[in-house]
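Chains A and B, in that order, are what the protein sequence lines are. FYI, the working numbering numbers position 123 of the first sequence as 123, with every residue one higher than the one before it. FYI, the working numbering numbers position 329 of the second sequence as 329, with every residue one higher than the one before it.
Please keep in mind that the hints were generated in silico from the structure rather than gathered at the bench. Predicted model, so just to flag it, every value in this text is computed and none were measured. Cβ coordinates follow ideal geometry from the N, Cα and C atoms, glycine included. Warning: the hint list may mix true and false statements.
Computed cross-link-like contacts, DSSO-like style, restricted to lysine-lysine with a CA-CA straight-line distance of at most 30 Å [to be verified]:
#1 Lys274/B x Lys79/A
#2 Lys127/B x Lys24/B
#3 Lys12/B x Lys127/B
#4 Lys303/B x Lys249/A
#5 Lys10/A x Lys66/A
#6 Lys212/B x Lys197/B
If you only want the chain A side, here are some residues facing chain B, beta carbon under 10 Å, derived [as the list claims (entries may be wrong)]:
#7 Val148
#8 Ala150
#9 Cys175
#10 Pro212
#11 Ala216
Between beta-carbon pairs, the in silico distance windows are [to be verified]:
#12 Phe24/A x Phe295/B: 28 to 36 Å
#13 Arg75/A x Glu348/B: 46 to 54 Å
#14 Phe298/B x Cys14/A: 39 to 47 Å
#15 Glu255/A x Lys127/B: 56 to 64 Å
#16 Gln92/B x Arg75/A: 53 to 61 Å
#17 Pro141/B x Ile96/A: 36 to 44 Å
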Amino acid sequence: MERPRIGIFKYSCCAGCQFQLIYFQEHLLETFGAVDIVYGRMETSAGSEEGPFDVVLIEGAITESKQADQLKAVRGRSKYLVPIGSCAVNGGIPAIKNLTPELEVEQRVYSRIEPIHSVRAHPADEYVRVDAYLRGCPVGETDLIELVTALLLGTRPRMIDYCVCVECKRRGNTCILVAEGAPCMGPVTNAGCGALCPSNHRSCYACWGPMPGANAPALARKFEAMGMPPDEIVRRFTEFGCPTLEFRKGAELYE
Amino acid sequence: MVEPFAPGILSKEALDARLDALLKEYEIVAPVNRRGQAHFSKIIEISEIEWGYSSSVIPPSKVIYQAEQLLMRFVNQDGSYLVVEQHPPSRQRILLGVHPCDIHGILVLERTLVGRWQDSWYAGERKRSLIIGLNCQNPGPDCFCSSFGTGPFYAPWMGQGPPEGCDLFMTELMSGYLIETFTEAGRRLLEGSELTKPTDSDLVEKDERHKKTLDQFTKHLNTDGLDALLNRHLEHPVWERVGEDRCLSCTNCTMVCPTCYCYDIVDRAQLDLKTILRWRRWDSCQDQHFAEVHFGNFRPSRKARLRQFVCHKLSYWMEQYGCYGCVGCGRCIHWCPTGIDLTEIAAEIRREEIRL
Chain A
1 MERPRIGIFK YSCCAGCQFQ LIYFQEHLLE TFGAVDIVYG RMETSAGSEE GPFDVVLIEG
61 AITESKQADQ LKAVRGRSKY LVPIGSCAVN GGIPAIKNLT PELEVEQRVY SRIEPIHSVR
121 AHPADEYVRV DAYLRGCPVG ETDLIELVTA LLLGTRPRMI DYCVCVECKR RGNTCILVAE
181 GAPCMGPVTN AGCGALCPSN HRSCYACWGP MPGANAPALA RKFEAMGMPP DEIVRRFTEF
241 GCPTLEFRKG AELYE
Chain B
1 MVEPFAPGIL SKEALDARLD ALLKEYEIVA PVNRRGQAHF SKIIEISEIE WGYSSSVIPP
61 SKVIYQAEQL LMRFVNQDGS YLVVEQHPPS RQRILLGVHP CDIHGILVLE RTLVGRWQDS
121 WYAGERKRSL IIGLNCQNPG PDCFCSSFGT GPFYAPWMGQ GPPEGCDLFM TELMSGYLIE
181 TFTEAGRRLL EGSELTKPTD SDLVEKDERH KKTLDQFTKH LNTDGLDALL NRHLEHPVWE
241 RVGEDRCLSC TNCTMVCPTC YCYDIVDRAQ LDLKTILRWR RWDSCQDQHF AEVHFGNFRP
301 SRKARLRQFV CHKLSYWMEQ YGCYGCVGCG RCIHWCPTGI DLTEIAAEIR REEIRL
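Make the full structure from the sequences, and use the hints.
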């Protein structure tokens, strides 16, 4: 694809994924100036959200109806639409609130709730069809490079969709879940980080969200057998990716 | 001085001195304790070696068959791509302290990788590796090599064994190490070391240690007609129950298995599109995309994937290669986060058949 026209839309999130893109974009533009950022509030002051776009990247969870409206409209103006980062891919951190009634969440955060029009946190694919997922918290560089190069080469990107254990074992690590009883979420979490936390002797906390088809109930029962209290098990499966079917199945056993 | 290929005894001090000298010449990869677990790692000092280890996390066969191997680079030159093959380094290295089960693991793995079809990358890594075996005197709770005859002490198995799989072989005794030499390369490693002829009491001690080690095994697998037994019970409820209740599809079992050879090929383009790297990486039948083909996956369920792993090791391998694909190292049991045990699965199926 010659100089793909890219739009970047940000919803509820920390904007860390766009920062990741900006570091990346500098590298990208200097190297071969291959893409046009047509719209992206953090990247360019010019541009319009009207498109049309070759690729739209969605950052953040949908937590307002007007965000959902814009997302649906943008889908029609873009050839490809890709959620980037855990919030857009599976609800991420904003979806922690999904376990508490919305009004209570609003009252806890804001002194005046009249201007607040929030709804549950949803990933982008609950509203529109998406063409790929760029997972990560922030978005992973391997997948990002794969997506960009596939786009430029006209090939189908091969995104990482196995669990953290695969990367952990390829690095030759000792399994801390087995050897030390650490509450590692690696077996149910999508890889791409290079098993960053387990390689540094820390439990994976599932920031990339679930591996598709993960067997969360089996891991939740393992945590229970290790003596983890039920509320802690629920937290492990709702901290990231609370709305996902995979993690729901783990959490609901102990709610 | 004893005859070159006759067994000899080397004192602990003399062995250390010899290894110290070899370390100047060779890269030595040996079991090293990292946070309580043995890992085959490149050593800097002889004192790092954990001689009495039970089992390493990653088997030595997978030090040779690497997790990620760069196969080739495609380099864009004026619009067309030039293929540049990557080859393993030629520097000789020593894999030291490899237990009999793991030597058999290497031999079983090689029936695939350098059998009818030669994998040049594996062959290159293998060719540069000298192997020094070590009889195991510390089996872990998940070890069951004695059930296959692949350990804990070396004995020929399926017509194979250390003479094919290693250059030197050692047994720790009171008086030092009993050293058996199997190849010319192995003999050269010992050049300059004074070996003494083993006494009768050394040989008696070796047998006693062997018996004592055998008594330590708590896990056993009845291998009698095992391949046919599993083949008769591919729809046994154990597959569904263990697969759904416990299997995480995390791939830990296959990743730590000394005989699992499956890999994936990935091309990674660099951003300037001038260079594309072709990597080979360990893959696993437990991954849900492993058996995915156009329009579907012929092992979509965890039940089917778990059954594939267990039956490949304990049944299908026999038809493919004339031996079991399992050497009883116990790693898949030990490193399974939910404690899935293929010996228990096999025993459950056997009990059922006896009842019928």
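Each hint, compared with the structure:
Taken as a hint, the Lys274/B and Lys79/A pair is honoured in the structure, with Cα atoms around 26 Å apart against an allowance of 30 Å. At most 30 Å may separate the alpha-carbon atoms for a hinted pair to count; Lys127/B and Lys24/B meet this at roughly 20 Å. With a C-alpha separation of about 28 Å, the suggested pair Lys12/B and Lys127/B falls inside the 30 Å cut-off, and the hint holds. For a cut-off of 30 Å, the pair hint linking Lys303/B to Lys249/A stands: about 18 Å separates their Cα positions.
At most 30 Å may separate the alpha-carbon atoms for a hinted pair to count; Lys10/A and Lys66/A meet this at roughly 13 Å. Taking the CA atoms of Lys212/B and Lys197/B, the gap is near 24 Å; set against the 30 Å cutoff, the hint holds. With a least beta-carbon distance of about 7 Å to chain B, the hint placing Val148/A at the interface is held under the 10 Å criterion. With a cut of 10 Å, the hint placing Ala150/A at the interface with chain B holds, because the nearest CB-to-CB distance is about 8 Å.
Because the closest C-beta pair between Cys175/A and chain B is about 5 Å apart, less than 10 Å, the hint holds. A least Cβ separation of about 7 Å between Pro212/A and chain B falls short of the 10 Å threshold, and the interface hint therefore holds. Interface restraint check: Ala216/A against chain B, minimum CB-CB distance 9 Å, threshold 10 Å, status holds. As the Cβ distance of Phe24/A to Phe295/B is approximately 35 Å, the hint placing it in 28 to 36 Å holds.
For the hinted restraint 46 to 54 Å between Arg75/A and Glu348/B, the CB-CB distance of approximately 51 Å keeps it satisfied. Under the hint 39 to 47 Å, the C-beta atoms of Phe298/B and Cys14/A, about 42 Å apart, fit the expected range. A beta carbon spacing of about 57 Å between Glu255/A and Lys127/B agrees with the range 56 to 64 Å that was offered as a hint. The hint said 53 to 61 Å for the Cβ distance between Gln92/B and Arg75/A, and at roughly 59 Å that hint holds.
The hint said 36 to 44 Å for the Cβ distance between Pro141/B and Ile96/A, and at roughly 40 Å that hint holds.
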